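Please arrange chain P on chain D, whose structure you already have, making use of the hints.
In order, the protein sequences belong to chains D and P.
Counting in this note's numbering, the first sequence runs from 948 upward without gaps.
Counting in this note's numbering, the second sequence runs from 8 upward without gaps.
Source of the hints: derived by calculation from the structure; they are not laboratory data.
Quick caveat, the model's predicted, so the values are computed rather than measured.
All C-beta atoms, glycine included, are put in the ideal place defined by N, C-alpha and C.
Hints are all accurate, no fakes.
What follows is a list of derived Cβ distance ranges for each label pair:
hint, chain 1, residue 1, chain 2, residue 2, range
1, P, Lys464, D, Pro1091, 44 to 54 Å
2, D, Tyr1010, P, Glu152, 33 to 43 Å
3, D, Thr1083, P, Gln402, 30 to 40 Å
4, P, Leu272, D, Leu1255, 53 to 63 Å
5, P, Leu272, D, Leu1191, 36 to 46 Å
6, P, Glu94, D, Pro1008, 49 to 59 Å
7, P, Met286, D, Pro1091, 29 to 39 Å
8, D, Pro1091, P, Gln532, 36 to 46 Å
9, P, Pro281, D, Leu1127, 26 to 36 Å
10, P, Pro334, D, Pro1091, 28 to 38 Å
11, P, Ala105, D, Pro1008, 45 to 55 Å
12, P, Ala279, D, Ile1248, 48 to 58 Å
13, D, His975, P, Lys170, 32 to 42 Å
14, P, Thr97, D, His1001, 32 to 42 Å
Stretch-level coverage of chain D by chain P, calculated; a stretch enters the list once three of its residues show a Cβ under 8 Å from a Cβ in chain P:
hint, segment
15, 979 to 986
16, 999 to 1008
17, 1041 to 1051
18, 1213 to 1220
Below, a list of computed lysine-lysine pairs in the DSSO-like style, where the Cα atoms sit at most 27 Å apart:
hint, chain 1, residue 1, chain 2, residue 2
19, P, Lys142, D, Lys1015
20, P, Lys497, P, Lys308
21, P, Lys464, D, Lys1000
22, P, Lys215, P, Lys525
23, D, Lys1000, P, Lys459
24, P, Lys410, P, Lys379
25, P, Lys432, P, Lys379
26, D, Lys1000, P, Lys142
27, P, Lys215, P, Lys237
28, D, Lys1000, P, Lys432
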Amino acid sequence: MARFLLNRLGQSALLLLGVSVIGFALMHLAPGGPLALYTLNPTVTAQDIERVKHEFGLDQPVYVQYAKWAFGLLTGNWGYSFFGGRPVGIIVMERIPATLELMGSSLALALLIGVATGILAAVRRNSVFDYTTAVTAMLALSLPTFWFGLLGIYLFAQTLGWLPAGGMESTGGGDLLDRLRHLLLPMLVLAFVLVAKWSRYTRSAMIDILSQDYMRTARAKGLGPARVMLGHGLRAALVPLVVLAGLQLPELVGGALVTETVFSWPGMGLLFVNALGTRDYPVLMAILMVGALVVVVGNLIADVVVALIDPRIKPAHV
Amino acid sequence: MSGNGPMIGRRGALLSGAALLALGHARGAQAAGMPGQLILGVTQEAVNFNPLLYVNTGVETSVEFIVFDALWKLDPTGAFLPNLAAEIPTQANGGLSADGRTWTIRLRPDVKWHDGTPFTSADVIFTLDTLLNPKVVVRSRNGHEHVATYAAIDDLTVKIVLKDDFAPYMVSWQKTSVVPKHILADLPDINTAPFNTQPVGTGPFKFKSRTAGSQIEFEPYAGYHGGAPKLTSLVQKYVPDQQTLYAQFQTGEVDIYDTQGIPPLLYAKAKALPGSKIMLSASPFVEFIYFNCGKPQFSDKKVRQALYQAVDKKGWIDAVYYGVPIPTLSYLPPNHWAYNKSLKDPGFDLKKAAALLDDAGWKAADGGVRAKDGVRLAFTMSTTAGNKSREQAQQLVQQNFKKIGVEMTIKNMPASVVWGDYTVKSEFDTLMVGWDALLYPDPDYTDRIGSKLIPAKGGSGSNYVQYENPEIDELCAKGTSVVDQAERKKIYDRIQEILLEDLPFAPIFAYEVIIGVKDRVQGYQPNPYTPINSWNTNEWSVS
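Next up, chain P with everything else stripped away, as it sits in the complex:
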């Protein structure tokens, strides 16, 4: 047995070494940040802090909200609050012309950039110039392509004229953070500007430092026009592994677990954690099954209807997502003002689904798989490989479909493959995907359902399902030309009704993000109208 000696000795030495190190820090791993410091834990790394250029919705939006401001912002009730603008332009206050095309925006006089330079209308104009500059790799023009002319009237007034009716333009300026002209205007290339990783904004916190692969630290901006922040330091900490981030939240190494949220698998366990609040935050994202209407299997809407009825949506939500997400019958989450409350769920009914397929002429053929005119009712379903929840959901759907003689093959690929040309050029059969409206919370959905917006047919939008319906085109055009909300609601009610009948994509549920917040944090308030909850960081504090 003497041969065992060294092994035990080695383990023993390691353990006592660990114990010694632990003793060295009496507070052990429980040590949170310094007083007044709040640590926000995220599982993706923010690498671009230029609000016009970054791509990664979530962690990079978070930095945007912390460092920058837009002209106005949305509060958790969905109301617009003036931010860099002095007031919200309306027809009553003369900010908006009667036809809704001319915007006169007055700016706050008391705003200064983090380096002390006053903020003026020149910055707003420069931001528009940059957005429309073909040499700058801006992520999205956020609807500003509808602008015909724009100019500064004086230092604190901007006038913008639209070339067509575009009601969602209000949201365009909620989604567009203003960037500083005095820093960026003279640079030869904004795409590679140092500013993109050392941003200067007008927001509640100043960028302090970034440690690559690890964290970003912000310091409070005492001169913030919305009121000085209460924290002494705010850190966005990058922890790539969900399990590890959960462990760090448990030990108090991070104060808030947000962005992608705690995995539903850990929800029950998280609720039992002492010293923490676990809350659900409504998200604009809706989970769909996308049908490629350009493929022969899906050209008939009866097939899409039958498949929708064959999907056990409740089982999907309960078994895979522990009952957390909210069922929805539309591309909007049910809490949205424009959600059509009278939509009727066709329900989960395999018999009716089978009957529908029989009616449509899809009869059982070889191997028990239905076929019609030589086309088998067999197809693939794709999503990001390695997404465990989606993989489970696919298996569930696959079994549901099999019972009505439909063969579904799972064909998952890495994100960089499945969401590339495979999606954009409509090469897929079906996709499992979560998306929100282009200018959410505006209900306009033209980009995803307009018949002129199919990239596979040379269009410029995101109609990847290749859906074409003249009535929808007409309604979409009407929806963006009417400004009155009650009038618009009627139009979008009808659009949602038609979509539930035609089902180019099958809506399953609206995401709810599970957020963990330590009890020492105050002022944190989830906001269903923003993609990230860092919308009011100046109100945050720690005890």
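Isolated chain D, as found in the complex:
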């Protein structure tokens, strides 16, 4: 296991290096840049733009800029935002709690409901329940999330007046109940889509397993349906689901771009949308690197967990 881990860590470091080079290059080679915001400001002249460009070091060759950035990253200096001059590390880190709260709660809710509906749909294959969940899942996956978000705001905030229209808490801070009321709508909107995904995956994983010989054996042994399903069926179906969970882990930190924007949720998704709009390179690179790191870690965890729960995989062979 230790060798396996070491091996994977080495690969991960190389991967991160690759991501940083490609990300940095693409970002700088793409047309446009952070100075457009200056052009739009009517008090700024072309002379001002040239001056700012030089001060930000944007007039240097891209490889020089990369070398400076990479050296900074390795020595713990992530750079400063072009807009506001705050240290990038702080800018990114202060957004993580909000995103964790939103994504964590909706993922947890989605897992619970999604896996349950998936199993039920698989067991009652081709029943009305199966069709209803299939159609609902299709709808959830096809309609854009901002539409659900706006619909929710229109219904529950503007028309019924039950829930606040966005934000994380009432102005001036709120108690736990206040925060829950703010969390409810964006969480449900996100969970709705995630439930759709999870129920479809669970359903197909379960259907594969239901036809396996050992399931028939379990039933033939006289075990109750719950034992058969949860003890034998779900355990086997867990393997692809754990892989899926590992792949979704980055979303926990990466946030939801659209939902966070619609609901004014001050998380990573909103930060990313803004940084992308203004081409705040230092902030974008930091988000990219944090994101890549979480992807790598998520995959690693998924591999390890799969190795632990799947009796067919021995860690030595991975």
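Only chain P this time, still in chain D's reference frame:
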């Protein structure tokens, strides 16, 4: 049907859960801020509060006005009011020399920074030092590059000598907020100073806290020299989505919907909202079609004139903007003192437009598109992608042009692309863009029309249309050297006349921002001379 059970149960549970939470707060979402607290809703996030460094006109100007002061400010009639200065320098009171180049500015003796340190001439000098320091990423030098020498005469007097005639200099000091020397002078790097997100000013409110991605809170500064604020707390709340901000304004979660304004689409609906006033606030911004005169299609002014006549300006304003903006024939809004009232609208006339193109030798060629000397009258028009109103306007203009044998292709790009080198280096064919004068409300427009100010030709200004006219150069120079307003008006009347004839850019309308204010707010007064209406926050109150 039993399979349906869990679904219904799940929905039912969610609904009753929501109802329970709603009951927990009897006032529901209608709850506004605490007593005396006013919440200002904006759709962009302010991230830099250093008045010399921030870039985002609007939300960051708002913070500037709340926390900082300039030497003087403009009231809604366009008159200058002394702010940090004790009086407005004039030739009569000896503040301004006869040649208009030497400024002696006397400062108020009773002003203190939010931390209690007295405000003095050293702060004004330091502000100028910072503006002219090449190591500091200031957004714009606001015309201070015309300064030759400056010095403090005593603690409360500053003397500035200009190196050339520059009448707009009055506005330079209206647009320059003074920053504290005692906090910034010893820092190694102002660009990354904590001050930029924890500002200390002399303004009506003190910065209290910022929640990233969410809001900024200010508390009243009892010692404000302009009179203590009436509010107990002022919050600038960031709600990125327009529809969501509108919903929050409706439910009372925000008191004022300002800055970018309520979308014109929602204007009629907003007017019917109970408990709210909806007002129009004149803006300095004018919407243009920019013609790149450096491209062969647009080098002849007859083509530009024909295209201007082919644009249905009224249809544009009515169909796309619900009749809200005001038509203008100049780079100034029609309510501006220097606006030339005798300008004549060539009108919307496709026949005349076609005849003009025929005259100029642009004849119909293959595919019904006109051409001359092998150049087709075909071009692209660009603006920020995703700006729905502008996209509709482009389609309207595209149809208008098609009727006179002109082919326009829409080529929109993200803001960071279209307003980068594509604009500055004059790579575009045409742009759809809204801009105001560099030192608005001063009518000086040299920066955008002077022939020495074309960045694509090595100039340092913002003449992105590459317009060159010696008469304009001469008039612009004269306009900034004369101080008398009546004399200046004559010069700018002529400039506007020439521009309407030459049309390097086609003026369409002056923006009107649709502002929503809850009835509980008092003292709020729109100001057409400032880019944002937070100019008198110490007068604001809530009932």
